[in-house]
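Peer 1: Here the structure of chain A is known, so what remains is to put chain B in place on it, guided by the hints.
Here is what each chain is made of, one letter per residue.
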Amino acid sequence: MKAVKKSESYSFDETPVAIKAVAQPAGSEKEEVNIVIVGHVDHGKSTLIGRLLLETKQISAEQVAATKALCKQQNREFEYAYFLDALEEEQAQNITIDIASIRFTTDQRAFCIIDAPGHREFLKNMISGAASADTAVLIIDVNEGVREQTKRHANMLIHLGINNIVVVLNKMDKINYDQQRYEQVQADILRYLSKLNITVFASLPISAREGELVAQPSQKLSWYRGPTFLELLDLIPVEKSQTLKVLRFPIQDVMRKQGERIYVGTLTSGELRLGDQVRIEPVDRVTQVKQLYRANAKVEHVVVGEAAGVVFSDPIFAERGDVIIAQHDAQKPTTKVVASVFWFHKQALRVSDQLLFKLATAEVKAQVVAIKDRLDSDTLTIAEKNSRQMTAGETAELTFSLETPVFIDEYSHHEQTGRFVLQRDGDIAGGGIVKSVGDQAAVAAAKPLVSTKIESKKRSLFKAVSWRIIGAITTGVIAWGITGTPDFGIKIGLLDFVLKIGIYYVHERLWDRVSFGRQKA
Amino acid sequence: MNRLDELENHSIWVLREARRHFGRLAMLWSIGKDSNTLLWLTRKAFFDDMPFPYVHIDTSYKPPEMIAFRDKLAREYNIDLVTGMNKKALAAGMNHTQGRMNCCKALKTDALQQIIAENNYQAVIAGIRHDEEGSRRKERIFSPRGNRFSWDYKDQPPEFWGQFAIPEDETTHVRIHPLLKWTEMDVWQYIERENIPVCELYFARNGRRYRSLGCAPCNGSIASEATTVTEIIAELARTTTPERAGRAQDQEVAYAMQKLRQDGYM
Chain A
1 MKAVKKSESY
11 SFDETPVAIK
21 AVAQPAGSEK
31 EEVNIVIVGH
41 VDHGKSTLIG
51 RLLLETKQIS
61 AEQVAATKAL
71 CKQQNREFEY
81 AYFLDALEEE
91 QAQNITIDIA
101 SIRFTTDQRA
111 FCIIDAPGHR
121 EFLKNMISGA
131 ASADTAVLII
141 DVNEGVREQT
151 KRHANMLIHL
161 GINNIVVVLN
171 KMDKINYDQQ
181 RYEQVQADIL
191 RYLSKLNITV
201 FASLPISARE
211 GELVAQPSQK
221 LSWYRGPTFL
231 ELLDLIPVEK
241 SQTLKVLRFP
251 IQDVMRKQGE
261 RIYVGTLTSG
271 ELRLGDQVRI
281 EPVDRVTQVK
291 QLYRANAKVE
301 HVVVGEAAGV
311 VFSDPIFAER
321 GDVIIAQHDA
331 QKPTTKVVAS
341 VFWFHKQALR
351 VSDQLLFKLA
361 TAEVKAQVVA
371 IKDRLDSDTL
381 TIAEKNSRQM
391 TAGETAELTF
401 SLETPVFIDE
411 YSHHEQTGRF
421 VLQRDGDIAG
431 GGIVKSVGDQ
441 AAVAAAKPLV
451 STKIESKKRS
461 LFKAVSWRII
471 GAITTGVIAW
481 GITGTPDFGI
491 KIGLLDFVLK
501 IGIYYVHERL
511 WDRVSFGRQK
521 A
Chain B
1001 MNRLDELENH
1011 SIWVLREARR
1021 HFGRLAMLWS
1031 IGKDSNTLLW
1041 LTRKAFFDDM
1051 PFPYVHIDTS
1061 YKPPEMIAFR
1071 DKLAREYNID
1081 LVTGMNKKAL
1091 AAGMNHTQGR
1101 MNCCKALKTD
1111 ALQQIIAENN
1121 YQAVIAGIRH
1131 DEEGSRRKER
1141 IFSPRGNRFS
1151 WDYKDQPPEF
1161 WGQFAIPEDE
1171 TTHVRIHPLL
1181 KWTEMDVWQY
1191 IERENIPVCE
1201 LYFARNGRRY
1211 RSLGCAPCNG
1221 SIASEATTVT
1231 EIIAELARTT
1241 TPERAGRAQD
1251 QEVAYAMQKL
1261 RQDGYM
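Those sequence lines, one after another, are chains A and B. Position 143 of the first sequence, counted from 1, bears residue number 143 in the working numbering, the numbering being contiguous throughout. Position 238 of the second sequence, counted from 1, bears residue number 1238 in the working numbering, the numbering being contiguous throughout.
Think of the hints as simulated: they come from the structure by calculation, not from any bench. Just so we're clear, the structure is a prediction, and the values are computed from it rather than from any experiment. Among these hints, one or two may not hold up.
Chain B side only, calculated, beta carbon under 10 Å to chain A, not exhaustive [said to hold, decoys possible]:
(1) Asp1005
(2) Pro1051
(3) Pro1053
(4) Gln1122
(5) Pro1157
(6) Arg1208
Quick reminder that beta carbons are idealized off the backbone N, C-alpha and C, glycines included.
Here chain A stands alone, though its shape is the one from the complex:
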């Protein structure tokens, strides 16, 4: 249910009139779009949504009056963000603590707009909101420019499968609607996003507080040629889950009805008909569909997204976590997984840690085999090719070894059987999308864990000392043997010890700086 993978950008040379030509979806049903607003603290996420709701009159007059009264009572300007930041603490501190979603409709689409918190400590809440989004709007205070959470949120989007977004540069009023500054910040963010392989469908300048280019065209931003934010909402390309023909039916539970075992669950892909030959993994059993249910009704055919029930013609023992697939499907269960992982638990995740790996309805113990390409949580650049650990707010490519085989897909083939969460001590602590499984993953895992052995200064010093003690004793003993004078032997030994320790240390540090002959990681 995510945005399209191909780049599909809006051309800024087109006039807004051309935009109206976008085809209305077939039938009376509007296209459902989940959209999340992300970005740094205080860059105006909740304000933008509030302003949009107000200008399009999707907030009741009563609610506007109540908010006005509340703001007056608190002696402050009208606060658009209050429509979504409903908690007392949120209003008092002017922050969003937890996500809130609100329905919003245009002529063409029915949106669920998700307001995400921008504080780093609420990252798990931001993910809870963004994970259900089809696409995202990244908002940046043009005055402050690209900040830490701007980058972190963008990086998270990629790990949640969102790769085509809209960029909004807010608070243009604070910089006097200056085009030059806008272009400068726009260039910064576009550069960063292209590194992450995020496609920017469009970017535009707005002032959420003043309502410039939110729902109405702006005189002050006349140099910008393109649609308003509201118009853009109808244009963002969103490709709902392609109705893949390949069957995926993770078993959720087994129920008994009139002596029959009904395997229930929701099809995450494909379709199933009465009489179909199916295989159940990882138990690797083949059987036939004898009876089918959609909810509680007997039917002949169920499709992706439906809460289904199936009865097999053979007495098969399957359970929650097993997946029903087509008989000749080439995909096999595996114990090796390589995935792009994000982590938000307070305690760091380390190589060889044990976790609970939850994918669709399956749950299995997993061990972390390797942590590669960790993105540093402060600089948001690749900190290490190979790491021993990752901390909250970081992302990396991880290799897992599962205790028992699980049926897993690559995320690019099947979203719902290609993504997972990681649980530690009963808490959901992170998640990831699967890049490769089975043999391919095993190859990736076989690569050396720690390839460059750079000595710490402390370690080289200790090594030098221990080596010199052995060397000095040997020299001393030999000197004593040759001269026959124990006193001379001791003196030579001590001199040897003190002098060479310094030479060895300096020598080691110098070689550290030379790249000659060093093998690549």
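Peer 2: Leaving out everything else, chain B in the frame of chain A:
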């Protein structure tokens, strides 16, 4: 698949998750349209069975039409009905004149707490929705509650990709909200499509009807001519008034619902 189908499938999936993870499970049944929709969805999810008890918190101030409707449905669907009542507070004369917040807390929250403790429920299913009011908008589908019933809205567990927090700690219970993503309009359209029975108080009599059902002393009716579900849907499409505008406890103090709900109110 249209929106109602998507919502139905999602709710059935949540109900099946609830049943799968909690042996001692109950559903809160307020007799309103939302919990009747849940009742309907339960029958769909469990092949016409009702695999858990339905708990009704009776404050003794509910309109008689609600109680009559409850008993009729319980007989018809063979529902295992459990009623909870804070008899001690009622004997001491608790009513809304002692402050609506106090009354809601004693007769609803405390009564619920008592019945959860008595039956040792690990989880209760409730029909709240995001679009009802601000603090409910912040809710998760699986919402763990502290041992003193509290809702820690400032530190909720992450919830995404259909994976829920199942606490290992025995002292807490979990609230499960299968209708969270539905809107008032969705519920009525689904009631129309499925022909779900609802209490007669929702339909206009002498030019007035109830939009939200609750205790008689604290619930105001609205001016309306809607006598059928279809007419209610048409009325909702026009209105700008919030759903719970008639519920006096919501307007009692600033952040009233947040304050009630952080102590365990539904």
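Peer 1: Quick one: which hint numbers does this structure break? Sort them smallest to largest.
Peer 2: 3, 4, 6
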